[in-house]
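Asker: Read off the chains here:
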Amino acid sequence: MSAPRGLLNDFIRFSSVDGPGNRFVAFLQGCNFDCIFCHNPYTINTCVDCGICVEPCPEDALFWGDNGAGVKVDWSLCNLCGVCVDVCPYDSTPLARSVTVDALWEEVNETANFLSGVTISGGEATLQADFVAGLFAAIKDRSGTSHLTTFLDSNGSCGPEIWDRLLPVTDGTMIDLKALDEDVHIALTGVSNNRVLDSIRYLAVRRRLYEVRLPLIPGFNDSDDQLARTANWLAGVDPALRVKVIGYRRQGVRSQYGELQEPQPEQMAHYAHILTGEGVRDVVQV
Amino acid sequence: MHMEEFRSRAREIVNDPNLTFHQRRHYLAGLAEESLEYPSLSDAARQALDKRVICDMYEGPAPYRARYILPDYAKALAHGSEFLELDPPTDLGEALNFLMIMYSQVPSITSYPVYLGDLDKLLEPFVEGVSDEDLYRQLKLFWRALDRVFPDAFTHTNIGPSDTRVGRTILRIERELQQVVPNLTLKVDPELTPDEFVREGVLTVFEVAKPHFVNHPLMVRDLGEEYAAVSCYNSLKIGGGSHTLVRLNLKEAAAQHEGSVEDFMSRTLPYYVGLNAELIEARIRYLVEEARFFEHDFLAKEGLIDLSKFSAMFGVFGLSECVSTLIGGRYGRDQAATELGHRIITAIADQVRSIPMPYCEGNGGVCFLHAQSGIDTDVDVTAGSRIPIGEEPDLFSHIRAVAPNHDHFNAGVSDIFQVEDTVLSNPEAMVDVIRGAFAEGMRDFTFNVGCNDFIRITGYLVRKSDLARFEEAGARHGSTSFGYGAETNTHVTARNVKRVLVHERTPRSPE
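From first to last, the protein sequence lines are chains A and B. Just so it is clear: in the first sequence, position 68 is 68 by our numbering, and no numbers are missing. Just so it is clear: in the second sequence, position 315 is 1315 by our numbering, and no numbers are missing.
Rather than coming from a laboratory, the hints here were simulated on the basis of the structure. Do not rely on the hints blindly, as some may be mistaken.
[Unchecked claim] Covered by chain A, according to a simulated footprint, are these stretches of chain B (three or more residues, beta-carbon under 8 angstroms):
(1) 1275-1289
(2) 1421-1433
[To be verified] Computed footprint of chain B on chain A, listed as stretches where at least three residues anywhere in the stretch have a Cβ under 8 angstroms from a Cβ of chain B:
(3) 18-25
(4) 105-116
Ideal placement from N, C-alpha and C gives every residue a C-beta, glycine not left out.
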């Protein structure tokens, strides 16, 4: 079997907001949801090599590769200004790159002294399960990184057969629950939440659910009634579950989805109050 | 100095509405010392001093006390003090009372003690049988007194590397009282210090921008078990200290240089290192041979300090500008510039180790090397071996860039990192960074978090709210007035992801 490769959007070496402790976070390219509040919509689709971004690049860092190789990047010229992402009509980027497990592991290893672990985010990480499993196995097996914990930040859309492949090398997951009501979930993401709810239960039973995240979008999923039922459902899964309330932020959101109000601290406290009142014991606000 | 000038400057001090009575008296004493002749120097050293390529920190021309003194408080507590007419304490109350009295008698350049002892180790023997509540109450009163009696941010205590009840209580009190004084260092040993205790330290950083963290095994390697971080992050031997601190301005050294980089390395740099050492020797000799400090001070007489544990600090600063002047790159950002920076520090360290220095048995007969964090009159020059404010790369790259220099600075480096508020809900991430930094060979550093009332001007802490009020109202802490100068001369509050700059005594009137 050939070694799996991953399509990587980018990585950051230090993050304090992607799981326990300081973490190396890799963002994979490609997602099967299309959330209206997505903060990095350029990670949703893979590049179709249309070339629309080549001309506008102010640094001349993008060019056509030889023999139909598609759009290429001269990394010595790119300064990550973001123009290519802004002009892309497909919610993608020409900057995503194919990487081997070994190459990404080397990057993790360089920072390993400073980390509690590694988190793979996206895009949707589970769409590249072979790559993720390969990387996590390498992290666990190799000296230098074997002390690191492996976490996944996922939309929870994959089925049990994927989780079964990932869980032997995965220490924890953080799953977004965008809405408990299916119609609201479809309005927000374009797809049903059946598999998300299944995943949350599946992972909780297997003690691999570190956190459920509730991105609250004003007017969509933040009514008292919805929140109360969501809390009730989550407490039914596990009342000790760590639930993170994520207030809506405009940063990065596509303009066609309008300007929603960002919640004030009082509103965040109100969200937390409702969740706690319905039996969720561990509520975190960000 | 002519009598006319002396009188005019004395008048200025006496009438300065921004100074307290004690501060006026302290500056008057400095002025009197300034009126004396300087110890004799070669013409070359005199010239370099006048141009401030080498700098005596405005300590004054007639040093009559060692700059940094670290009394052996453990010995004092065990044996009492004849001079102070104190018997050895037998319980916590007596121990705290004993220490408070003794602090008031420790000489220093600021007139306040720069070292208060490793208080967890000193007090643990007295807390057996003392309830948590009683310990908390007594220590809190003691802590409040420290801030009010010694209002100077260079006053410094150490805790760790062991996790103790006293250490934890101190961190709790620090978070509650939100005082500038005392400055605080937490010694961290990867083997000895549990994550939980480091985490307590991190939670305290979030509230009051201290403690400072030191790499205990590295310090023990260079200084032995009996060491402490004092004042503005100077690591020295307990029972000893540093006679003086004289610093080499690397920016100015490069500005004076004409020729190639290689020529700088082989000619100009060694020349100024030699002159800095000459100035150190002249000052040490005055202190020991003329002022005869070690012959009359009660600390020496009672064996609470010992000349054999002293050395002197050879400081450097302006490395970043030095490198930029020589090859144009940005230290900490460009590899060639960063590597030249390491090469310069290594060359200085080698030369300093080769220059015999009198009365420096505390470091094998040579000076300690120290990355000096600046004083408030420094303009357009970066502290020590730091990366300039606003130019710091991401935290990981920052640590990688500066860590190689830390090995050489046995008397302290004090890099400072500004961290984003997102870490507040994840203190474990900071614990990871601290452990990683030490694994990379960092010696000592601290963090600033934007959300609290404290800012570390150059190494010492100032309250932002005090700074804002200072111009109109004056400040109770001597160091706040230094901070005011640093704040206006540099742009320390504009530092972006991390942080930088400074130090102790500065001239009352510009040169």
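Asker: Each of the hints needs a verdict: does it hold here or not?
Answerer: Structure-based check of each hint:
| no. | hint | result |
| --- | --- | --- |
| 1 | 1275-1289 | violated (count 0) |
| 2 | 1421-1433 | holds (count 10) |
| 3 | 18-25 | holds (count 4) |
| 4 | 105-116 | holds (count 5) |
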